[in-house]
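Starting from the known structure of chain A, arrange chain B on it as the hints suggest.
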Amino acid sequence: MKVAHVNQLLSIVLLPFLNLLTAFIVTTLLFLMVGIDPWEAAKILVKGAFGYEEGIGYTLYYTTNFIFTGLAVAVAFHAGLFNIGGEGQAYIGGLGVGLVALGLGALLPAWLLLPLAMVAAAVFGAAWAAIPAYLQAYRGSHIVITTIMFNFLAASLMVYLLVNVFAEPGQMVPASRAFADSASLWSWQEFMAYWGIEFAASPLNLSIILALICCVMVWLFLWKTRWGYELRTVGANPDAAIYAGINPKRIIMLAMLLSGALAGLVAVNELLGVQHRLLLGFNTGYGFAGIAVALMGRNHPLGVLLAALLFGALYQGGAELAFEIPSVTRDMVVVIQGLIILFSGALEFMYRAPLQRWLLRFAREA
Amino acid sequence: MAACALELIQISKRFGLVKANQDISLCVPAGSIHGIIGENGAGKSSLVNIIYGFYQADSGEIRIQGQPIKIQDSKQAIAAGIGMVHQHFMLVEEFTALENIMLGAEGGLLLHEGEQRVRQRLAELSRLYGLEVPLDTPVNQLAVGVQQRIEILKTLYREARILILDEPTGVLTPQEADELFKILRALKADGVTILLITHKLREIMAITDQVSVMRQGKMVAHRVTAETSMPELAELMVGRKLQQSFERLARPTGELLLQVRDLTVYDRQGWLRVNKVNFHVAAGEVVGIAGVSGNGQTELLQALAGILPLSSGEILFAGQTITAQQPSNPARMRDLGMAHVPEDRHRMGLVLSFAADQSSILGYQRADKYNQGWRLEESVIRHEYAERAEQFDIRPRDPLLGSSHFSGGNQQKIVLAREIGAEPSVLLVGQPTRGVDIGAIEFIHQQLMTMRNEGKGIVLVSVELDEIMRLADRIIVMCDGMITGEVSREEANEQILGLLMANALGVGVNEQPGSSA
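Order-wise, the sequence lines are chains A and B.
Just so it is clear: in the first sequence, position 27 is 27 by UniProt numbering, and no numbers are missing.
Just so it is clear: in the second sequence, position 488 is 488 by UniProt numbering, and no numbers are missing.
Just chain A, same shape as in the assembly (with noise of 0.2 angstroms):
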C-alpha cells in the first residue's frame, strides 16, 4: 500500500466514518447524562427517518434541500471560494419563482411556467450571488463577509417586499397568496399514483429528482470540461491558473453564479414543491447546514449526497425523537447536528496523524 493509497483510503471512508462515530459517542453520553436510553432514541430516531414511508418522505424532503446548498457550497469551494450565503441566496431564488408564478400562472401552462419558475430560482439566486462575486473578483473585498452580508440583506428585503408587496390585502399573514395550480410542482404521492403505486402523504416532491440531476451535472462540469478544469485550478493555484492563461477573476463570477443558482434552486423545492405561495423564511437553516454537508462530503457531489441524506434523517428523525421523548427538546437535535459539525467540519483531522501513522504501519508489516 502505498503512501497516496493510504492517503485516499484515509480521507473518503475512514475519517469522515470515524468522525461520525465520535460524534455519536459524545451524543451517547450526553443522552446518558440527560437520563435518557440512547438506545431507545437510536431506535426511535432510525425508525422516525427510515422506517415508514411517511418519514422516508420527510427524510429525503430535506434531503433535497441539503443537496442543493451541499452542492452550492462546494462548487464554490472548488474554485477556493467560501460561500457563506446559500441561505440569502435561496431566500432571493424564491423572489424569482414567487414572481414567475404569481405573475404568470394564470396565464401558462404548467408544462411552460414549472421550468420557467426553476429557472427564475436559479437566475435570482445566482443575481444574489453575483454581486458579492463582482466585490470579491474586482474589488478584493472578502467573499466570506459580503456573502454574509447578504444574507441579512436578502433577509429584510424579503420581509419587506412579502409584508408590503406580496401580501394579500386585509390579512395579516406575511404571505403571498396561492400559486396557481399550474404551478404546483407534482408530489412523490402523485408521482407514484401515476405509476399505479400507492405512497404516503409527504412534502416529499419532484424536485428530488432535479437535485440529483444537479449532482450529475455537477459532476460532469467540475471533472469532465475545461471550464471544471479552469475552476478548479483557479481554486488550487491562483498562480498556476494566472501562468496557465486562465481569468481567475472570470472563474470568481463563474463559479458563484453556479453555486447561487445551486442554492436559489431550494426554493423550487420548497415553494413549487410544498407550500405553493411565497412566504417568510422558508430557507431558515438551509444555507447554513449546506456548508457543514459539503464539508462532510468532501466537496464531491457523491459525497453531498451522502452527507444531505444524512442531515435529512437527521432532520426528520430528531423530529420524530423530540416528539417521542418529551425530555429530548428540539435543542438536543440541533446539538447532535452540531456535534457531527463539530466532529466533521471543525476537526475533520483529528484522527489524521495517528491513524496514518498506524496504518503506514500496518502497510509496512503486511
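Since the hints were derived computationally from the structure, they do not count as laboratory data.
Model, not experiment: these values are computed from the prediction.
Wrong hints could be hidden among the right ones.
[As the list claims (entries may be wrong)] Examples of chain B residues toward chain A, derived with CB under 8 angstroms:
1) A331
2) P342
3) M348
4) G349
5) L350
6) F354
7) L362
8) N371
[As the list claims (entries may be wrong)] Cβ pair distances, simulated, as ranges:
9) B/Q391 - A/T28: 55 to 65 angstroms
10) A/P354 - B/G294: 50 to 60 angstroms
11) A/M33 - B/R347: 16 to 26 angstroms
12) A/L157 - B/E390: 32 to 42 angstroms
13) A/I209 - B/Q56: 52 to 62 angstroms
14) B/Q56 - A/L9: 25 to 35 angstroms
Glycine included, each C-beta is placed from N, C-alpha and C at the ideal position.
Chain B in isolation, oriented as in the chain A frame:
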C-alpha cells in the same frame, strides 16, 4: 587527526515510508571545515535538522566534544554550542542587525543594557573575523551577503563553536561567496568547527578539509578534500559515471524570433523590476540571463510570458508587437508559440493537487486536441501523457498519481515535457534545474540543447553560473533590473560574470531610479 568536535553515530530517521537518513556516522574534527555534499533529496537537510534539534532521530547518538548529548530543540543545540545559518535567512526584515542579533538573547527587562553588551561583543567579533556589518540599518535595506554575515554573527554571539551552514552560497555572487570563504577561514583559524552543506562541488574543493558524500539517505563516502577530485565526488553523489558534454551543433543562428526593446516592468507592489531592457533571441540559440536571484529576471520572464503587464517598451514576437497599450496575456503568448517553464514549478508550473496527466495540460486546457465539444478528452490526455512520460522518463509512470507525489526532478520533467511538447518557437525557461537531482539535470540540459539544435530559440534564466555557461550561446547579465553586460559563450568566465552580476562596472548608476508607476 584532532578529536571530533561533532560526532554522529548510526543516526537513522524516517518519515513515513521514506528513509531520510540510514545509519549515518560522521566525525567532524575540531577546528576543521567539513563538507557534506549530496544531491537534492539525499538527506542532507534532515541530517542537519536532527543536529540542530528540529527533528529527533529515530535511533543513533550525537556526541559533542566526545560527550553524548540529547538535542530536543534548537535551544539545547545553541546551549551545546551549535550555530546554524539557514539557506533562507531567519531574520526579522524590519529590525536592524543589532536587534536581530539580540533577538532571544535580550538579557534583561530593558533593552538598553543588553544593547550595550551586544555592541561591545560585536565589535570584538567583527575585529576578530573581519565580519563588518552596519548595526543600525534595517536588515531589508542590506545586501544578501551582509544579511548572511548577520546570521553568522548571531550564532557567534551565542557562543557557537560548531557552525552549520546550509547551502550558504545559493543567493551570493561569486565574489560574495569568496568573501564568505574568507570569513570561514578566519573562523577556522580561531578553532571554530564548520559544517558546510552544499550541492556545489566547486565550493567543496575550494574551502573544505574533508568531505562526506550522501546518497539516498546514506553516507556513502568520506574523503580528504586534497585527495579527491570533482569527477570522483560527482560520481559518488550520483552513483554512476556522468556524461561530460553533449552535442552542440555549430550552426549559424537563424532568423530573429524575439525582440525586446526598452522593456520596463513594475511588479504588483509597484516596484521597478525591469529597467529599459533590450535584447533579442534568434533561431537556434540559447540566450542565458545570469544574475543574482531577485534582480529582475523573474519579472522579465513573466513579462515575456504575458503574466506581468509592460509599463513601457515593446516585445516583438511572431509578427506581433506587444506594448503597454496593446497588452498580451499568457494564453495569447502560448498561441503565438511562446512556451514557458516557470521558475517556481510548485507555485506556477503545476497544480500539486491535480493528477500528473491533469497537470500536463495546464495552460493548454483549451487546445482543440484535448476537447470534444464540452468535454475534455480524457483518453487523449492520458494517452499523450503516457507517451511523454515514456519519452522524458518521468517516474513513476502512473498518470493518476498526484503531482505532489513526484520528486522535484520528475515534476520538472512533467512541466518541461508539456512545454516542449507544445512545439513552441521560443521557450522561456526559469531555473530549470533548481531542486532537481543530477541525473535529471543531465537529461533536462540535453533536452534544451536538442531544442536549440533544432532551431528553436531559448531564453534561459538561471542563478547557477555553471548551468548558464554550459548551455548558453550568449549570456546577458542582469543587476537591479538592468542589463549590465553581455558576453559571448567564448568570453564568459566566472570572474567576468561575477563582476557584471554585482554591476561593478557601474551601468546606470548615475540615473535616478524611477518612481513607481
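Does the nearest C-beta of chain A fall within a distance shorter than 8 angstroms of the C-beta of B/L350?
7 angstroms, holds
So, as I understand it, the hint says B/G349 touches chain A; can you test that by seeing if any CB pair is closer than 8 angstroms?
7 angstroms, holds
Within 52 to 62 angstroms: is that where the Cβ-Cβ distance between A/I209 and B/Q56 falls?
57 angstroms, holds
Residue hint B/L362, partner chain A, criterion CB-CB below 8 angstroms:
Since chain A brings a Cβ to about 5 angstroms from B/L362, closer than 8 angstroms, the hint holds.
Hint check: 8 angstroms Cβ-Cβ cutoff, B/P342 to chain A
Hint on B/P342: holds, closest Cβ of chain A at ~6 angstroms, below 8 angstroms.
Range hint 50 to 60 angstroms (beta carbons of A/P354 and B/G294) holds or violated:
42 angstroms, violated
For B/Q56 and A/L9, compare the CB-CB distance with the range 25 to 35 angstroms and indicate the outcome.
Between B/Q56 and A/L9, where Cβ atoms are some 28 angstroms apart, the hint holds.
Holds or violated: is there a CB of chain A closer than 8 angstroms to the CB of B/N371?
6 angstroms, holds
Assuming the hint says 32 to 42 angstroms, is it satisfied by the Cβ distance from A/L157 to B/E390 or not?
Violated, at about 60 angstroms.
Restraint satisfaction for B/A331 [CB to CB of chain A, less than 8 angstroms]
Hint on B/A331: holds, closest Cβ of chain A at ~3 angstroms, below 8 angstroms.
Using Cβ atoms only, decide whether B/M348 comes closer than 8 angstroms to chain A, and label the hint accordingly.
4 angstroms, holds
Should the hint that B/Q391 and A/T28 are 55 to 65 angstroms apart at their CB atoms be regarded as holding?
With Cβ atoms ~59 angstroms apart, the hint holds.
Hints 10, 11 and 12 from the earlier list are contradicted by this structure; the remaining hints agree with it.
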